[in-house]
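Peer 1: This is what each chain is made of:
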Amino acid sequence: MDHFEQELARMMRDSQEYIPFASEQRERLREGVRARRRLRAATVAGGSVLLVAGLTAGLFLLPKGPAVDRPQGPLTRPGTSSSSSPAPSTSSPAVSPTQSHAPGTPTGTGTTGGSSPPSTFPSGSVDPTTFPPNPPATTATAPATSTVAQGTRTARPPVSSPPAGSHSSG
Amino acid sequence: MEKTGADGFDGFVTARWSALFHLARLLCGGDRHRAEDLLQEALVKLWFAWPKVADEAPEAYVRKIMGRAAARSARRRWWGERPVDRLPELAQTGDMSAAVAERSRLETALAQLTPRQRAAVVLRYYQDLSEKQVAAVLGVPVGTARSHASRGVARLRQILADVIDPVG
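Protein chains in written order, with my numbering: chain A, 1 to 170; chain B, 1001 to 1168.
No lab work stands behind these hints, which were simulated from the structure alone.
Please read all numbers here as calculations on a predicted model, not as lab measurements.
Where a beta carbon is used, it is the ideal one built from N, C-alpha and C, also for glycine.
Wrong hints could be hidden among the right ones.
Distance windows between CB atoms, simulated [stated by the list, open to error]:
| no. | chain 1 | residue 1 | chain 2 | residue 2 | range |
| --- | --- | --- | --- | --- | --- |
| 1 | A | L62 | B | A1015 | 43 to 51 angstroms |
| 2 | A | L61 | B | S1150 | 58 to 66 angstroms |
| 3 | B | A1015 | A | A57 | 16 to 24 angstroms |
| 4 | B | S1147 | A | R13 | 43 to 51 angstroms |
| 5 | A | V44 | B | S1147 | 40 to 48 angstroms |
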């Protein structure tokens, strides 16, 4: 620190004069504190209002957005199970005739697999009652073949049952 | 608790008002009204930070606030300082004491510095801070603070050449 810098520091210190903390300055300071406190309160209140408004708007708008753009999935039907494959079960020849004759089991496998015509044979429609002319004749002549024939007929319900009727009518 | 804090704050302000006001006045280049505004603003900030800084260094906190605000004051519109080639006409000093005349001369010279240079010079030579401390107060790198201080002193050396005689 050279001479000029020392003199500069001395001038800065010597130029200080005693100024008391007057009452008007004290009052001004308190007023400044009150004003800043009000400003802080207003800022906090404004921020809270904006936050609530933003959250409200977000909650109001959010549920509508994704529902519109969501792709529509396959409709689930009440009587069918989605796990089974549709085609092979309806026309599957592997189903044993005894199962097709049984009241509970054949209808369950047949209807669940056949998703295309489920409404025509709801549950117990595979019974011989759906084919009134055939059961008495076939069951009387040959029981084993009749069961096979019935099993194949139940596999194709709409076409197989009324061929004679369709020919006669048409 | 709050009453004790308020009493401590009032006691600090009452005891240090004169010194802080002089610092503010030097930082503002002698502008008394701006100095009072600067000090009031710093003390209001100190009031809200008083519970944190009361037991540590409240004066250093005020000094930092005033130093940074004074250094930033060039960006404010109400700061109408313009550098001039010649010193403005000083008031008649016929019946003024030599100390007052010297102070006026010093403040007039300080007013010709840029706010950053003035803040660096005042903190360096009046507050007797090191360059590192000046940099910390102003929130700038040490090299920047050193540059501001050296340029400010060089400028003051030109202005106050007739007041402070160089010693060989």
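Peer 1: Each hint needs a verdict: does it hold in this structure or not?
Peer 2: Now for the hints, and whether the structure bears them out:
The hinted range of 43 to 51 angstroms is not satisfied by L62 of chain A and A1015 of chain B, whose Cβ atoms lie roughly 58 angstroms apart. At about 59 angstroms, the beta-carbon gap between L61 of chain A and S1150 of chain B stays in the expected band of 58 to 66 angstroms. Range check, A1015 of chain B to A57 of chain A: about 53 angstroms between beta-carbon atoms, so the 16 to 24 angstroms window is missed. Take S1147 of chain B and R13 of chain A: their Cβ atoms lie about 24 angstroms apart, and the range 43 to 51 angstroms is violated.
Between V44 of chain A and S1147 of chain B the C-beta distance comes to about 41 angstroms, which sits within the given range of 40 to 48 angstroms.
Checked against the numbered hints given earlier, the structure breaks hints 1, 3 and 4 and satisfies all the rest.
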